[in-house]
Structure formats: C-alpha cells, structure tokens
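Given these sequences and hints, build the entire structure.
The letter at position 167 of the sequence shown is residue 167 when you use this note's numbering, and the numbering goes up by one with no holes.
Any given hint could turn out to be false.
Stated by the list, open to error - Straight-line C-alpha distance at most 27 angstroms; calculated DSSO-like pairs for lysine-lysine:
1) Lys205 to Lys32
2) Lys176 to Lys28
3) Lys99 to Lys137
4) Lys28 to Lys216
5) Lys176 to Lys137
6) Lys28 to Lys10
Stated by the list, open to error - Distance ranges between label pairs, derived from CB positions:
7) Lys176 to Ala133: 31 to 39 angstroms
8) Arg182 to Glu80: 24 to 32 angstroms
9) Gln210 to Lys99: 16 to 24 angstroms
10) Asp107 to Leu41: 27 to 35 angstroms
What the hints contain is simulated information worked out from the structure, not anything from laboratory work.
These numbers were taken from a predicted model, which means no experiment stands behind them.
Heads up, the beta-carbon is just placed ideally off N, CA and C, and yes, glycines get one too.
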Amino acid sequence: MRLITIRQEKGGVAKTFLTAHLVPYLHKLGHKYRPVDLDMLPGLLSKIYPDCASVSPQDSLVRSGESLLPQLMERVMEGELFIIDCGANTGPGWEALFKVVWPTLADEMNAKGVKWTIIVPITSAEETLTNFALYKKQYPRATFILCVVREYADEEVPLPDHPKDLVIELPLAPGKLFSSYRKLRMPIDNMIGNTALPMLSGFAKGYIPQLHAMFKRIEPHLIP
1 MRLITIRQEK GGVAKTFLTA HLVPYLHKLG HKYRPVDLDM LPGLLSKIYP DCASVSPQDS
61 LVRSGESLLP QLMERVMEGE LFIIDCGANT GPGWEALFKV VWPTLADEMN AKGVKWTIIV
121 PITSAEETLT NFALYKKQYP RATFILCVVR EYADEEVPLP DHPKDLVIEL PLAPGKLFSS
181 YRKLRMPIDN MIGNTALPML SGFAKGYIPQ LHAMFKRIEP HLIP
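Given below as structure tokens:
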C-alpha cells in the first residue's frame, strides 16, 4: 500500500503538473492511482481527469467532518491508491486531521504498512525550503522526494542536506508545450502522435522521455 502526495504550501511550483504526469506514468506500469485535487475549489487537475476526486482541505471542515479528507485516508488504509495534488496553504487541514480528528492516524498507517511518499517541489524561493523542513518534522515516517523546479536553466536553487537518490529535477519544457497542457487540459503524454497537434506532438516526443527518466529514478518510492 502506498500514498503519494505532492506538497508545497507555496503556489505556482508545478505541483499539478507533476501530479498530472505521474498519473499516466504509473498507469503504464500497471498501478492505477486515482488523482485527488485537494484544494479549496476544484482546479486544473479536476479538468484534466474527470474521475479526479475533489476534496476540501479547509481545516474547519476537516474538524467538523464536512471534508472528505478523513474518509479518503480510510480508503488509503484499505489499500486504495491515491496521488494527491495538495493546493497551496493546505497545511492547516493536514494538521487538523493528524492532531485533532485522527491523532492515531500516523501510527495506524505504520501498523497497516502504508508507505507514504511526499514529493516536495523546491524553487529559488526560500519559503519552499522552510516548508520542506516543517514537513519532515511533522511526518518523520514518510519518504521525502525533493523536486527541483527552475524557471530557467542556470537559476540558483539552494538545496538542503538530503540523499541524492531522493532528489530529482523537473526538465524544462518548451513554453508552448507547458501552456498548451494547461489550455488543452491534457497531459503532454497524450500529445504524442496526435495528428491534430503536429507541432506539439514533436515537442512532446522530445520532452516525455526526459520526464519519464526523472520518474524512473524514484520509481521504487512510487510503486505500491
């Protein structure tokens, strides 16, 4: 059993991009992870994947039982596979779940053998490092993957002391490819061979192998 979450309190750091492209990669390996859009309002992930579960991270709703986050974790404990795209500022909701609503959850996950992988995008913004340090303290049993996200090739992104085999870097995509993934609400994988998108198909053929090579490096921490 495994749970995968893409987590970073800062917005605009490619969390949804990572989630949207991990889904088809894992499906090709035979692991049917269901995507979850954990955000105040359904976002891009819900538009890309119609079967995406939409769950509110609002801490007051988690505490009152109106959020489906506790039920989602129950299903994780039963062996269902989810990959969660955590919107910005979802920390209070997770804290309410683990500290107030279900204080024994971490121990129960461990007892059940649930492996938890948390992928944390890191940028040049110092707050992304601060958030990573906080997550490690909060969830010491999880496996943390750092994903370096640069806006341009030689941008400086300082990294904390972390095992090198648990650090990956998001390949830079041509701007047209990235904007089209958002506009078309389609993972780049689906652009390959698409006769209606000949130029994008060419870009995608060059980009997807780079992206999958990155995922391959951390594959042992992604498969159930």
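Structure-based check of all given hints:
As the CA atoms of Lys205 and Lys32 are separated by approximately 24 angstroms, the hinted pair is consistent with the 27 angstroms bound. Pair hint Lys176 plus Lys28 holds up; C-alpha atoms about 25 angstroms apart against a cutoff of 27 angstroms. Between Lys99 and Lys137 the CA atoms are separated by roughly 14 angstroms; this keeps the pair inside 27 angstroms, and the hint holds. Restraint check: the Cα-Cα separation between Lys28 and Lys216 comes to about 12 angstroms, which is no more than 27 angstroms; the hinted pair holds.
As the CA atoms of Lys176 and Lys137 are separated by approximately 39 angstroms, the hinted pair breaks the 27 angstroms bound. Between Lys28 and Lys10, the direct Cα distance comes to roughly 30 angstroms. Violation of the 27 angstroms bound is thereby established for this hinted pair. For Lys176 paired with Ala133, a C-beta distance near 36 angstroms keeps the hint of 31 to 39 angstroms intact. With their beta carbons about 28 angstroms apart, Arg182 and Glu80 fall inside the hinted range of 24 to 32 angstroms.
At roughly 40 angstroms, the beta carbons of Gln210 and Lys99 sit outside the given window of 16 to 24 angstroms. Taking 27 to 35 angstroms as the suggested C-beta distance range, the pair Asp107 and Leu41 conforms, at roughly 33 angstroms.
Consistency with the previously given hints fails for numbers 5, 6 and 9, ordered from lowest to highest.
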